[in-house]
Structure formats: C-alpha cells, structure tokens
Amino acid sequence: MVLSRFWIFALSVVAMAAIGAALLAQGMVNRQTVANLENGLRRDRLEVEQTLKLDARARIDAIAPLAAHPDVRTALKSASARRSDDELRALNTTLKPKLQDLNRQLLGMSADILFAVDANGVIVAQLGPNEARFGGGLATFPLVERALAGHVRDDVWAYDGSVYRMAARPVIDSGGYVGAIVHGKKLDEGLATLLSRRVNGASIAFFRREAIVGSFTPTDVTGAPTQAELGAVLATALTNADLVAGNVTAPIDVAGRGRAVFSLVTGAGADAQIGYVIARPLTLLASPSELFNSATTEDFAALPKGALGGAAFGLFVLGMLFFWLEKDRPFSRLKKRAKALGERKIDRMPIADFSGNYRRIAESVNLAMDKAVEHASENSPKKKANLDEILGPASGGQPQAFFGFSGQSGAGSASDIPDIPPAPSAPRGAPAMPGRAQPPAAAPMMAPPAAASMMAQPAAAPPIAAPRPAAAAPAPPLARPAAGGPPAPPVRSPAAPPPRPQAFGGATLAGMPPEPGVGGGPVQSRAYAPPSPAAGAYDDEQEEGATMIARVPEALLNASATGQMSAVSEGAADEELHFRQVFDDFVATKKQCGEPTAGFTFDKFVQTLRKNKEQIVTRHGAKGVRFTVYVKDGKAALKATPVKD
Amino acid sequence: MSDPTHRQRRSIPAVSVPSALLVLSATACVAATALLCTWPLSSTALAVDVKGLLRAPEGYLPAPAADERKPYYWEEWNGFLDPRPRRVDMRRELAVVLLGPPQAGAENRASIQLVGGSLSPSTIVVRPDTILRIENKDDFAHELFAEGLDGFSAEATSSGQARTVRVTQPGSWPIRDRQVAHVRGHLHVIANVSALATIEPNGEYKFVNVAPGQYTIKVFHGAREVATATAQVVESREIVIDPLMLTAPPRPAAAAPR
Chain X
0 MVLSRFWIFA LSVVAMAAIG AALLAQGMVN RQTVANLENG LRRDRLEVEQ
50 TLKLDARARI DAIAPLAAHP DVRTALKSAS ARRSDDELRA LNTTLKPKLQ
100 DLNRQLLGMS ADILFAVDAN GVIVAQLGPN EARFGGGLAT FPLVERALAG
150 HVRDDVWAYD GSVYRMAARP VIDSGGYVGA IVHGKKLDEG LATLLSRRVN
200 GASIAFFRRE AIVGSFTPTD VTGAPTQAEL GAVLATALTN ADLVAGNVTA
250 PIDVAGRGRA VFSLVTGAGA DAQIGYVIAR PLTLLASPSE LFNSATTEDF
300 AALPKGALGG AAFGLFVLGM LFFWLEKDRP FSRLKKRAKA LGERKIDRMP
350 IADFSGNYRR IAESVNLAMD KAVEHASENS PKKKANLDEI LGPASGGQPQ
400 AFFGFSGQSG AGSASDIPDI PPAPSAPRGA PAMPGRAQPP AAAPMMAPPA
450 AASMMAQPAA APPIAAPRPA AAAPAPPLAR PAAGGPPAPP VRSPAAPPPR
500 PQAFGGATLA GMPPEPGVGG GPVQSRAYAP PSPAAGAYDD EQEEGATMIA
550 RVPEALLNAS ATGQMSAVSE GAADEELHFR QVFDDFVATK KQCGEPTAGF
600 TFDKFVQTLR KNKEQIVTRH GAKGVRFTVY VKDGKAALKA TPVKD
Chain U
0 MSDPTHRQRR SIPAVSVPSA LLVLSATACV AATALLCTWP LSSTALAVDV
50 KGLLRAPEGY LPAPAADERK PYYWEEWNGF LDPRPRRVDM RRELAVVLLG
100 PPQAGAENRA SIQLVGGSLS PSTIVVRPDT ILRIENKDDF AHELFAEGLD
150 GFSAEATSSG QARTVRVTQP GSWPIRDRQV AHVRGHLHVI ANVSALATIE
200 PNGEYKFVNV APGQYTIKVF HGAREVATAT AQVVESREIV IDPLMLTAPP
250 RPAAAAPR
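As you go down the protein sequences, you meet chains X and U in turn. Residues 0 to 644 in numbering that gives the first Met the number 0 are what the first sequence lists, from first letter to last. Residues 0 to 257 in numbering that gives the first Met the number 0 are what the second sequence lists, from first letter to last.
These are calculated hints, taken from the structure and not from any lab test. Just so we're clear, the structure is a prediction, and the values are computed from it rather than from any experiment. Misleading hints may appear alongside valid ones.
Derived pair list, reagent style PhoX-like, types lysine-lysine, alpha-carbon separation capped at 25 Å [to be verified]:
hint	chain 1	residue 1	chain 2	residue 2
1	U	K69	X	K52
2	X	K95	U	K136
3	X	K185	U	K50
Assemble the whole structure, with the sequences as input and the hints as a guide.
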C-alpha cells in the first residue's frame, strides 16, 4: 500500500496547496481590489474637480452677454449715479424683466439666482428666491468685490439657506465699471447626476456640514453607496485632518461595503464646510470560491480544457492503478483463495501468494484452522468415533497395534510383520540402510519410492506449517483392483522405504549446496520427479512479494537420498512421507470402495495417525508404527504395526 | 500755555473813576452773563478732541501667497478695462483706540452691523463687561460666533434682527459666520480702553472729549495691531496726532489671545 498511501499523501498535499493558494489569492485579490478602488476614487476626484472647473468657466462665459447687454449697462450706470432711492426703484422695475428675458436665453445655463449690482455693490435687480430688500448690497462678498474691481471670477456661496456655485462679471460702460452681473446655480442633485455620469457610475453627494444638500446614486451600479450611507460617515469625515486643512481625504470606509473620498469645494463655501463626496462600492471576495464568480466567459473559454481534463484523467488512472495493484488485486486473490479453501480445493491458505496484511490474514486463517482441528481432535468424542472408524474396530483383548497383512484375518502376530527398520528412530547421521529393509510381502505391490517434493515451505511460513512439507510427494501408485474384481487387497506402503528424497523445509534447504560426505550410505539412482501440479500452478501464480521457491538441486536430492542429511530430519521426513503415502492410499481405497472423501483432509488424517501412533508407542513400547491400508467389510481401513526394532 | 484773558487784563489803560466803574460794571455783567451761559459746559471744559490720519502704504494688501489655496477656479482680468487696485476699507476694517485712564461716563455698550454681506466694522475693540449688539441689516441670515469665547456661540440672526453678546473675558478672538462663509471679523477685549475713534473712508479718525492725560493710540486691523502712538492730552480744544502709517502687512492669521 506504499504507492496508494503516497498517492493519497500527494493528493492531500496538492489539495492543501490548492486551498492555500485559493486563500492567498482571495487576500491578494481583495487587496488589489481595494487599491484599485482607492486609486479610482482619486482619479474620480480629479475628474470631478476638472468638471467643476470647466463648469465654472462655462458659467462665467455664459453671463458675458448679460454683462454686455446695453440695457443692463445703462441701468447699472444710472443706478451707480443715482441721487435718490426713487431712481433705484424705477431702475429695478425696468431692469428685472430684462434680466428674466436674458436669463431664459441661457437655457441650460440659466441662473437659479441672479443679481445685477451697481458700482457700490447695491442690488439693483434680482431674480430667484428671497429677493433682497430694497437697497440691500453684496459689496463685501469677495466675488462681487473682485467683479466690481474688474475681474471675472467664480465662487461657491451658502446664501440664504442654499448652496450655489457662483460666477460674476463686471459691467463696463463709458470707460468705467458701473456694476456687475452675479450668476448662481444650485449645488443640487442635477449637478451630482452630471458628475456621476462623467466619472462613470460613482455615487456623488454634496454636503454642507453634516447635511447632504444633493446627491445621486446610480441605479445601474450594484451596491453603490446611498445618500444615507454617505451621510452616516459625513460627521466622521468632517473631523478628518486632511479635510480640515482643505485637502481631499484618504478613502474612507462606507458601511463596510464601499469607499469614499471627501473634499471641500473650491470657493468661499469651503469655510462653511461645503464639499462633495465621491463613493464607489467595494466588493470583496468573502470566500475563495467567489474567485470563480468574477471569471468571465472569456476566462473560461481561454482555459486549456483538454490539458486539464487529460491531466485529471491521467491522475485518476494513476491513482486507480495504485489501488488496483495494492488493494484490489491482492484482495481478489484472497477472495479466490478463500473460496477455494471453502470449497476444500486447497487445505490451507497459500500464504506465499500474499504479502503484507493479506499474508497476515492468510496466516491467521491457517492458524485458526489448525487450532480448530487440534481442538476438535483432542476434545471431541465424535473425533474418537471417527478414529475408530478409520482404524477399524479393535478386538477386545487383542492388542490394537497388531494388524494383519492383506489376505489375513487381520490378527497376525508381530512376527508376521516384516522387519521394518526404525527409520524415525535411527541415530543421527546413520543412513537408512536399504539392505535392512524387508522386502514387501507382495513385491508388485511395493510402491516405488516416492519422488521427493521439489517444493519447500515458504520462508515466511508460520512455525505451525514448518514441520510438514508444503507439498507432499506424489502418491505412489496403488495396486488397483481389476475392474469388477474383488476389492483390492490392502496396499502396503513400503514399511521401510529405502532412503529416498526428503521433503526439506525451504528455510533449511532452499538454495543450500549439498553437504558432501554426510551419511555415506549407498546412493541410489533415482529419477527426478517433476514438481506436482500444485507446485506448477504456484509457479504460474508467483508474483511480487511472494516467497520464491527454489527447485532443489538434484545433487542435493541425491545427497539426501544417500543419507547425507541428519538422521533426525530423515526420520521426520520419512514419517511425514509415510503418512502421505498412507493418506493417498487410504483416499484411493476409499474411492475404490465408493466411500465419500469430501472433507477428508491430510491434516486431519495425519493428526489421527500421530495420535494413534503415540498411543501404540506408549502401550507397546514400540519405537515406531507403520500403517497399512486394507479393505474391511467393503470399507477402507488401516492397520498399525508397531516397530520395536 | 498762556491765558489770553490774563493778557487782556494787563493791557487796560488808566481812566477816570466813573468811567472805570462803568466799564467795570459792564465787564462784570458781561462776565456774569458769559459765566451763566457757559456753566453747563464747565464740567467738560477740560475734555478735548484727538484726531489724526491713517495711511496705508503701497502694497499694504498683498496678493495671496502662491501656495495658498485660492477660493476660486477662475479669477481673471476682464480684458477691456484695467482693474481697480485692491484697497483697504479703513472705516469697516480698522479700529483705532485710545488706551489710558478710564473716561468718566463711558458706557460699556458697543454696536456692530451686518451689512452688505459682512461685518461693519469687522475689527472690534471693547472693554470687558461690554454688551455687544449685533444688528443684521442684510437680506439673509447670519450666524456669528467667536471661536473660543464663552457666551459668543453661533446663533442665527435673521434679516433685520439683532442679537446681543456680553463680553467679559479680556483677549482676542476671531469672529466667523456659519451661514456666510466669507464673513471675517476680530474681537479685541482690552481692559484700559479709554475711547474708540470714528474712522472716515479717507483714513481720518477722531476721538471726542478725551480727558487730559497720557494715552496710547493703537490701530488694529483684524487680529493684528498695525500702528501705535502716544498722546499727551491737556486742556485744549483739539489735539492733532501725526499721521500713522500702517506698517504691518496684513496676513490672514489669527493672533493669539492677549
């Protein structure tokens, strides 16, 4: 699972990196958005200032026809030289209609408030709300004062409760200044609308101290700050040091969703804290996912979809491959082996087929099976009944260990039993002497020496599996009865088989060179037996992680056959081989007798034999026991012969 | 200073007794008549008028500094007729006061007007505990206040209305208008103000009925003191002070309270 785990780790790292990048991108985008907005507001303010300046110039120029009109000049000249208030009243009566007519001709520039003052600043005629009382003057207003001194000028007035953007021109007649025309337009929503359009969608508001005197909020701009929101921050802005000093403020937050800059107007109105505010909405990313909301269709179209899709598919396939290699495939194999185990096609889980956790699972299954069998054979009385069935009924006073040969009654004496060399108890290093072995009673029935299994136990096999060979040697051919003939006589396995190839544990023999000079018995020439089909299948299914089983060299087999191996291992191997042969014979006989063999496993069989052997050895003081298969009452049965010598 | 009456008495020639008695009787009658006629003025017989002349030098009103924020986008010559030079409206903008011993019967009352869109006078000098009356003669409302002076907070004064402010604290405070931004004024409250001069447009000023004594003449233009002189008043009909040249360039800066 190394690859899969690494793959998951890599995916986690990539995912976290992507999330981190998205979070970083959110912060960066928000900062950039704020910076862009604030820069935009500064540009907007310059644009507004330029617009107001051009507007002032336009108003100054617009009133030029009024200042130059002969009727106006004449009236103001007369007013400046008047000797009585009656003359002023008369001039007011004649000049006012003329001013109204001229003002209408200004069209879009027509004044909301218009004054015609004489050379002393006294109002001769006035248009607009709250007309001045007779004789009122504007001489001390800087705008009027400078106009009467011969200058054109603009200003912003707070006049009688309203805010006006003013313009003034001197009236010249007969080589002297005779008065001035003073023109005013309200600072109101109309101008705010004009400015908002000029700066492309910003909210514009004019204020006079804490009061908004005119504003415009574009309806086509999402989240544009409203007049109420601007008014809420106006009090704070008025205390801003920059604004107090007459400068534009830095961008100020508006209700957490906009920015605004505040500036005082250019003119005397600045002293009355008359100014304007420009605001724009601020849309920040609340989460990294909103990054996609700001992407346009062009952005999506520009994505290398093929490459991204291919990369995603490739990564998916790679991940699936890792999972298949490390999980699905061994799991499938485990399922298959478990199914075969359940169907008794195999006796144990082939742990060499697995690696890692699956191998541990297989080992655990094998261990559990062994323990279950052991427990059942030791404690279950039913098992004893099966043993009796397997071994056949024991005569009452007859020693159970004595069995007859085939064709006898089954109650022969020990002397009738051919001398069986005590192979398992042979002293260490003593070779099994073929010459001492009694020839079998029925020579044709003598099974040829079984070829030793070429397969050794896997190195990682648990200790419980170590004592016995992983693959039993091929069963010796049985003397099968003729078709339709009587049941075959009991087949006797070679009681004292000549030295034969041993089934060695892979841990001890795999890859080991033959031990020269061990034993010294005669070497029998034996043909090499090919591996069992099971072993062949194993070879086919060898895979990564499984223990590789080396084929035992023939020289080693020969050396083993000549008794070069230790006597102890020889004895154990002989016993194991003997049990295998007996098992094979017993199964074959049962089949011949038409008995079912399902569930009849070698392991159980061997345990029964060993248990029976121990009882016989204990009871009769024998050094070993040899088993033979025979047919009794149409059923396969075993006979045990104690070996005393 | 010689007494003309004394000189006339010493120059009388020798005459006969009847004539002398007759003349003496006649003189006594004339003197008695004259004394009776002039008795009501006897109490102010020692007070005299003090007058003088203010002169603003060339460039007294400097142009705004280049770095000063201009209260306009455009201010240009009209292109046809030369502009008039900037000038000081001395009657409206200046205040000339006589500092010295207090004058008998002086009233602690002063009056200023809002006319033509501004204060007149715009420089005000009063004694402590003076009641200042502000009358609005403009066609629009004003809302005057003195920055930092208790009792002179912003208060709207409609057209044709007046308000009064009791000034108790000596010092100097600028006066502003919350309604009409260009309105500028300055209030000086000085303890030893003896008299306040009236100023003519041509710069002539005059103190009337000044008791003899040692005085200091000060001229204020807004927050600043632009001229000063001393005057020794004696029993004379009138004292003419040498012309005072306004020296300090007026800058739009508020003076610290004195």
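Hint check:
| no. | hint | result |
| --- | --- | --- |
| 1 | U:K69 to X:K52 | holds, 13 Å |
| 2 | X:K95 to U:K136 | holds, 23 Å |
| 3 | X:K185 to U:K50 | violated, 49 Å |
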